[in-house]
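Following the hints, complete the assembly by docking chain B onto the known chain A.
Residues per chain, in single letters:
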Amino acid sequence: MAYAGEVVDELQRAREAAEERRLVTSAADGSAAAFEQLYRRHSARIHALCLRMTGNVATAEDCTQEAFVQAWRNLPRFETRSAFGTWLHRIAVNAVLQQARRRGESLGAGDSIEREVADVLADHATVDPGRSRDLEAAIAGLPPGARHVLVLVGVYGHSHEEASQLLGIAVGTCKAQLHRARALLSARLGETERNHDAG
Amino acid sequence: MTQDERTAQDAAARLDARLGELPLEVAPGRDLWLDIAARIEERAQPVASTTRRASWPWQAAAAVVLVAGSSLLTASLLDRNVLVQQSAVPAVRANAHAASDAAVVMPAAFGPAGQLDLEYVAARRQLTQMLDQRIAALPTSARAKLEFNLGEMRRAADEINAALAEQPGDPLLEELLLKTYQDELAMLSNISQLTSSLANAPANMPVSPNGERMQL
Numbered sequence: 309m310a311y312a313g314e315v316v317d318e319l320q321r322a323r324e325a326a327e328e329r330r331l332v333t334s335a336a337d338g339s340a341a342a343f344e345q346l347y348r349r350h351s352a353r354i355h356a357l358c359l360r361m362t363g364n365v366a367t368a369e370d371c372t373q374e375a376f377v378q379a380w381r382n383l384p385r386f387e388t389r390s391a392f393g394t395w396l397h398r399i400a401v402n403a404v405l406q407q408a409r410r411r412g413e414s415l416g417a418g419d420s421i422e423r424e425v426a427d428v429l430a431d432h433a434t435v436d437p438g439r440s441r442d443l444e445a446a447i448a449g450l451p452p453g454a455r456h457v458l459v460l461v462g463v464y465g466h467s468h469e470e471a472s473q474l475l476g477i478a479v480g481t482c483k484a485q486l487h488r489a490r491a492l493l494s495a496r497l498g499e500t501e502r503n504h505d506a507g
Numbered sequence: 055m056t057q058d059e060r061t062a063q064d065a066a067a068r069l070d071a072r073l074g075e076l077p078l079e080v081a082p083g084r085d086l087w088l089d090i091a092a093r094i095e096e097r098a099q100p101v102a103s104t105t106r107r108a109s110w111p112w113q114a115a116a117a118v119v120l121v122a123g124s125s126l127l128t129a130s131l132l133d134r135n136v137l138v139q140q141s142a143v144p145a146v147r148a149n150a151h152a153a154s155d156a157a158v159v160m161p162a163a164f165g166p167a168g169q170l171d172l173e174y175v176a177a178r179r180q181l182t183q184m185l186d187q188r189i190a191a192l193p194t195s196a197r198a199k200l201e202f203n204l205g206e207m208r209r210a211a212d213e214i215n216a217a218l219a220e221q222p223g224d225p226l227l228e229e230l231l232l233k234t235y236q237d238e239l240a241m242l243s244n245i246s247q248l249t250s251s252l253a254n255a256p257a258n259m260p261v262s263p264n265g266e267r268m269q270l
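Those protein sequences? They're chains A and B, same order as listed. So the first sequence is numbered by the numbering used here: it starts at 309 and just counts up by one. So the second sequence is numbered by the numbering used here: it starts at 55 and just counts up by one.
Just chain B, with the same shape it has in the complex:
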């Protein structure tokens, strides 16, 4: 080791020693508890979800845009043969369809670190129950594809939620979780539209050259 290297090493050691002497605890200049207490009332006394939604406007907007927009996701899951077979599915009650549409277009806010808006959770549960019934009426191959994809999305959401529990506030994980919920919601929405269109469509509805029998 040269003299210069030794000098640099000594300087680094002295600096490390000084850094090691710095206090690790410094109380805030004012008591922050009152402000924190005001913000944490939500969980102790659950209030209207609008409070939380206000802090996540970008998420709500993203969900609405995504849900309201059309997607060809389901068309890729269900091939032409499946669609043709599906025309035999009994008509779904009109009121159930209306309820599902209302649920789907409702602004859905995703709370921090996977805490979902109560309205979203209720709408999702309602939609899922209804779709389960519709999916059960699908041909086996189509049902298997749908269930596999939904299962994958939910498994991904569970894993991201577990990671978020370890690292709350991690922006990448939050973004991933939001994206996963959006994908799930989009898929549920499209299944809803697809199955109801097919149920209501006349049996002789023309099929496009691509096999697209419905307009999403």
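So here's chain A without its partners, still in its complex pose:
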């Protein structure tokens, strides 16, 4: 039975991949309707990435929007060597980095902003929303460089090589930033838990 289930899952994935290729081709030919379907499929993932990388709800929406606009403009030249989702992910990271440069990396500062981001993200948590909220707030409060690396490597599972390429930094810097991010997170989470215990 397990085998049959796997086959069904595999077929389902193949069907979805074929459908996505069809949508990508139509959108590349100028179909806004097809592109809207691609947006519906990918916007939640791209938005979550932007939300965590920017640590700011309004900016995350701007970056999400910008990523899809950039994708639309570049679709005619998109080659299906990589998956559309992976390509879009890369565009979103670039959108976040450009936004950060324009604003001088000042985003994400301030406890109220961190809490706002944490609340939005924790609402979607499937495991212990309270603890997720603390963790998301701690991530949003990280310095931008450490936050970007932690999100890409720690949350989205990129390798250091991939993350360093996406962020335009050296692999060594990427590793150092992850180490720093973990230390800061552990310290902050420890502090939060002590506060909870005391309360």
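Calculated from the structure, these hints are not laboratory results. Hints should not be assumed to be uniformly reliable.
Said to hold, decoys possible - Computed Cβ-Cβ distance ranges for the label pairs, DEER-style:
1. A:Arg329 / B:Ala216: 17 to 25 Å
2. A:Val479 / B:Arg209: 26 to 34 Å
3. B:Thr56 / A:Arg330: 52 to 60 Å
4. A:Val315 / B:Ala62: 40 to 48 Å
Cβ atoms here follow ideal geometry from the backbone N, Cα and C, with glycine treated the same way.
Chain B only, in chain A's frame:
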């Protein structure tokens, strides 16, 4: 492994486990599609290039400054002997020259990730066609140098465009692409000015000690 190291490793593993439990998908608080749809009308229904130009003012300004400014690029490509020989090239039609100048000084906007302004593309095509005719009249050595340099620039632009297709929005690649187009445009502009000056110059025009026979 010491006790402290083991404790730190356990803490890191616990943190990684918590990070792994975070949701990877979070829908935006509002539907962003309407805003996106408003911005993507351009490709579905191509409109006047002024729309796109407005979003790339710095690029247009850079192109105008560069094109309007003089450069000694071509002087480095064509040596004195070539210039002297070139004085024998038949005069180019005055109206063709005027057309090329108009095309060259027209603000040229470079769209995102290598999407060029339609006016720029048309002007570039017109200028290129005209210059091809002029270049064909040049001596072989000068023509080879020009064609080699133009070919290199266009190959570079193609490679950057291919890289941009993989990484749209990459600021470094966009800057490189813009620079390459600017270099190409500057070279085309200078060739245009050079060849027309030479064609119109009197055969006994004085040559400077550096071999510069024309004023760019």
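Hint by hint, here is what the structure shows:
no., hint, result
1, A:Arg329 / B:Ala216: 17 to 25 Å, "21 Å, holds"
2, A:Val479 / B:Arg209: 26 to 34 Å, "30 Å, holds"
3, B:Thr56 / A:Arg330: 52 to 60 Å, "57 Å, holds"
4, A:Val315 / B:Ala62: 40 to 48 Å, "44 Å, holds"
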